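> As a plain string of letters, each chain reads:
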Amino acid sequence: MMKIIVCTKQVPATNEVKMDPVTNTIIREGVEAICNPFDTYAVEEALRIKEKQGAHITAISMGIPTVAPMLKEVVALGVDEAVLLTDRKFAGADTLATAYTLAKGIGKIGDFDLVICGKQATDGDTAQVGPSLAETLSIPHLTDVGEIKELNSKTIVCRRMTDDGYDELEMDLPCLITVTKEINTPRLPSILGIKKAQKYKVHKFNANICEENDIHIGLSGSPTQVVKTFIPTSAVECQFLKIKALADKLRELSNIEEEGN
Amino acid sequence: MPNIIRKMEDQYAEYLKDESRSVGEAASISFPKTQAEVLETMRNCLAKGENITVQGSRTGLAASAVPHGGHILNLSRLNHILGLRYDAPRDNFFVTVEPGVLLSQLRKAVADKSFDIKLWNDKSVQTLEKFRAAEWFFTPDPTETSASIGGMVSCNASGARTFLFGPTRNYIEALRVILPNGEVLNIRRGRHFAKERKFKLKTENNEISGDLPSYIMPEVKSAAGYFVHDNMDLIDLFIGAEGTLGVITQIEVRLIRLPKAIWGITAFFPNEPSALEYVKALRNENKKYPWLHRPAAIEFFNCRALDLLRSQKANNPAFAQIQELKPQYHTAVYTELHGHSVQAEEMPVLIGGLGDLINFVGGDEADTWVANNQRDLEKLQFFRHAMPESANMLIDQRRKLDPTLTKLGTDMSVPDRYLNTVMEMYNRDLAEADLENVIFGHIGNNHLHVNILPRNKTDYLKGKELYLKWAQTNVANGGSVAAEHGIGKLKTNMLEVMYGASGINEMRRLKSLFDPNGLINCGNMFAPAKEVK
Ligand SMILES: Cc1cc2nc3c(=O)[nH]c(=O)nc-3n(C[C@H](O)[C@H](O)[C@H](O)COP(=O)(O)OP(=O)(O)OC[C@H]3O[C@@H](n4cnc5c(N)ncnc54)[C@H](O)[C@@H]3O)c2cc1C
Chain H
1 MMKIIVCTKQ VPATNEVKMD PVTNTIIREG VEAICNPFDT YAVEEALRIK
51 EKQGAHITAI SMGIPTVAPM LKEVVALGVD EAVLLTDRKF AGADTLATAY
101 TLAKGIGKIG DFDLVICGKQ ATDGDTAQVG PSLAETLSIP HLTDVGEIKE
151 LNSKTIVCRR MTDDGYDELE MDLPCLITVT KEINTPRLPS ILGIKKAQKY
201 KVHKFNANIC EENDIHIGLS GSPTQVVKTF IPTSAVECQF LKIKALADKL
251 RELSNIEEEG N
Chain Z
1 MPNIIRKMED QYAEYLKDES RSVGEAASIS FPKTQAEVLE TMRNCLAKGE
51 NITVQGSRTG LAASAVPHGG HILNLSRLNH ILGLRYDAPR DNFFVTVEPG
101 VLLSQLRKAV ADKSFDIKLW NDKSVQTLEK FRAAEWFFTP DPTETSASIG
151 GMVSCNASGA RTFLFGPTRN YIEALRVILP NGEVLNIRRG RHFAKERKFK
201 LKTENNEISG DLPSYIMPEV KSAAGYFVHD NMDLIDLFIG AEGTLGVITQ
251 IEVRLIRLPK AIWGITAFFP NEPSALEYVK ALRNENKKYP WLHRPAAIEF
301 FNCRALDLLR SQKANNPAFA QIQELKPQYH TAVYTELHGH SVQAEEMPVL
351 IGGLGDLINF VGGDEADTWV ANNQRDLEKL QFFRHAMPES ANMLIDQRRK
401 LDPTLTKLGT DMSVPDRYLN TVMEMYNRDL AEADLENVIF GHIGNNHLHV
451 NILPRNKTDY LKGKELYLKW AQTNVANGGS VAAEHGIGKL KTNMLEVMYG
501 ASGINEMRRL KSLFDPNGLI NCGNMFAPAK EVK
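Chains as they are written, first to last, in this note's numbering: chain H, 1 to 261; chain Z, 1 to 533.
These aren't lab readings, by the way, just hints derived from the structure by calculation.
Source: prediction; values computed, not measured.
Not one of these hints is a red herring.
Quick list of the computed label-pair ranges, beta carbon to beta carbon: (1) H:Glu-170 x Z:Gln-328: 29 to 37 Å; (2) H:Val-31 x Z:Asp-91: 25 to 33 Å; (3) H:Lys-242 x Z:Glu-432: 56 to 64 Å; (4) H:Ser-138 x Z:Pro-270: 43 to 51 Å.
Note that beta-carbon positions come from the ideal geometry of N, C-alpha and C, so glycine has one too.
Can you make the complete structure from the sequences, with help from the hints?
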């Protein structure tokens, strides 16, 4: 049976992200934590594969211990197993160290055919962890997948939108894909799923999955550093003009252009 | 002429109709932004003996905001939230709003605890702090959230949560009404009562008094005709009056504490009888299930309703985000559970109980959608709102071919014991008449919207006939012909089925006590006095 791994991350609810104007960091107090919206599409795609052709799905996440309930929610949707990578030593990881740690976790889980990630996490918006994880695992990957056209035990055919049209690409398994919102409509949990999840215990892996004093994890494994975050100020101004004023404005603009020529 | 009155021109064409899709006519229109402007405009029209039709958001489904000549007084721009008050013994907040405030606008302000306080007095501003310390909500929830509060009061709107909380009426504390004599009436709940069926109301310089209609209202959810009973609180006369007794320019609404947890569960059943059994179980008569407290809502979607949503999802991008409807999903019931005293952690117990119940009546707890946070709840609410929207869109398509067609949407309720009877009647009659239809709505109150979707004129006429027949049967069984959308101009014959010619005459007499010249919102509920010999 096909073995699928889905990566999930807990993020602050997107519609509520507020920045502290003094420290320029995200205010996390009182903000609800949710599963990264793009990851819910990854989970749903795995579930659809499972329904269609059978599969065993493991969800994996790196985070603090309180991420476990989020993984239980994923189990309520129909995911078979959930693994939380949690250890103080993982703290401070950038995208590279995160990908490394996830790869170690996946290594402990065992064989797999397909890894599915969301296109990006809505808190950092880097879209780096998926591709970086594939490189660490030495498997091929494809980003921004909007449809899986074919999937068998050896290959996958994916379609994705690009600036020039659509790409349809074939890859050998095992491989990794990152998915966009176009790929499906994520489901809600059922009562049966919630009952199962209530009884389920999330597996927790700590830094023992890595070598002792492994320098590739946490802060020491993170070559990138956030030097500064700031709130961009929007320079775009909107004006409402009556027809005549609009005509004048256009004339004025076209003059500028002509002069420029 | 006050300078806000505009002659009717093409650019105002949309103000000649509402969501019932019927189109009226008018000579002029105004969009007052202040209560003073409303008063001035009204006095101007009244002096000239000109008819006035009041409009909120025009989302009404009974054409009650569609003008039949005269002036359109559109209140959509009279939309300020004016203040806040706390009543400690009742533990309620009260918000004063102008009628053009939208339900969505009020909800957002209350949820975000963020108000434009420019017009507020100091006391209101000080109250904000206490308000911000907890979560509050305005319970009335018609599916159309662009409805105005004035329109909701005038129609006594209901929603899914009316099953637990009751209709808009229960959350209206005070009103300011400009009467057809041009005087202002401020009326607060608990101050002015009828003596049996006699009433007296003091206005600025006058007094209006007389008899209330003598009919007995049915003991079901109803928004049909004037709300009257012995010794009634007279504020209730203006709620659900469809604007026939005056123009509401200020409203105080009551907020209650937001429940600690809200869970929404849509359950799918393989057939209709199982779904009906589930509904009855949810009503929990005789407290058969001690773990189950009264749900906030019980909503229904029949098999044809689900099929319509399936095709909408497949063909219309606006509905693409609807969840996948598996082929075995035949009939659906949505229920909402609120936890006030229970902790959020206790809700899983309830969910577990519901699962067993669903299995017991012939469903499958695997065929359910559970929402336990606001985002997911909104998905289930979107699904619910997509239902009437889809039916309306389908009819709009057909109207392009035959503009005389309209949707025939019933709005009737019956007592609990008639649930099976009424469903059997609808299903049998629709099948016999071979009419395309969907059935959905507030089944907790035995209040279903049968939407007949005529394909042609013959269908339309057959549907109208059925509609009248159902009204007669449901009224005979103690039901109401209009449980939430009101009578408007489209269902006046239905109101007559309910209260007879004498009831209608009594209502007409009541209106003429307030509006002797028949100038305000004439044609709503009953034909204007002038048209009757
Ligand atoms: C998709 C859809 C779903 C709906 N779902 C529901 C539902 O679940 N429950 C429900 O109850 N209704 C529902 N409705 C109907 C409608 O939303 C309600 O009747 C609503 O209360 C009307 O508000 P409005 O502001 O649009 O009023 P309008 O349509 O503008 O006016 C309705 C009536 O109120 C009068 N009126 C408005 N404001 C005032 C005022 N200030 N003073 C005096 N009279 C006034 C008008 O003259 C008219 O008689 C639905 C409509 C649609 C289109």
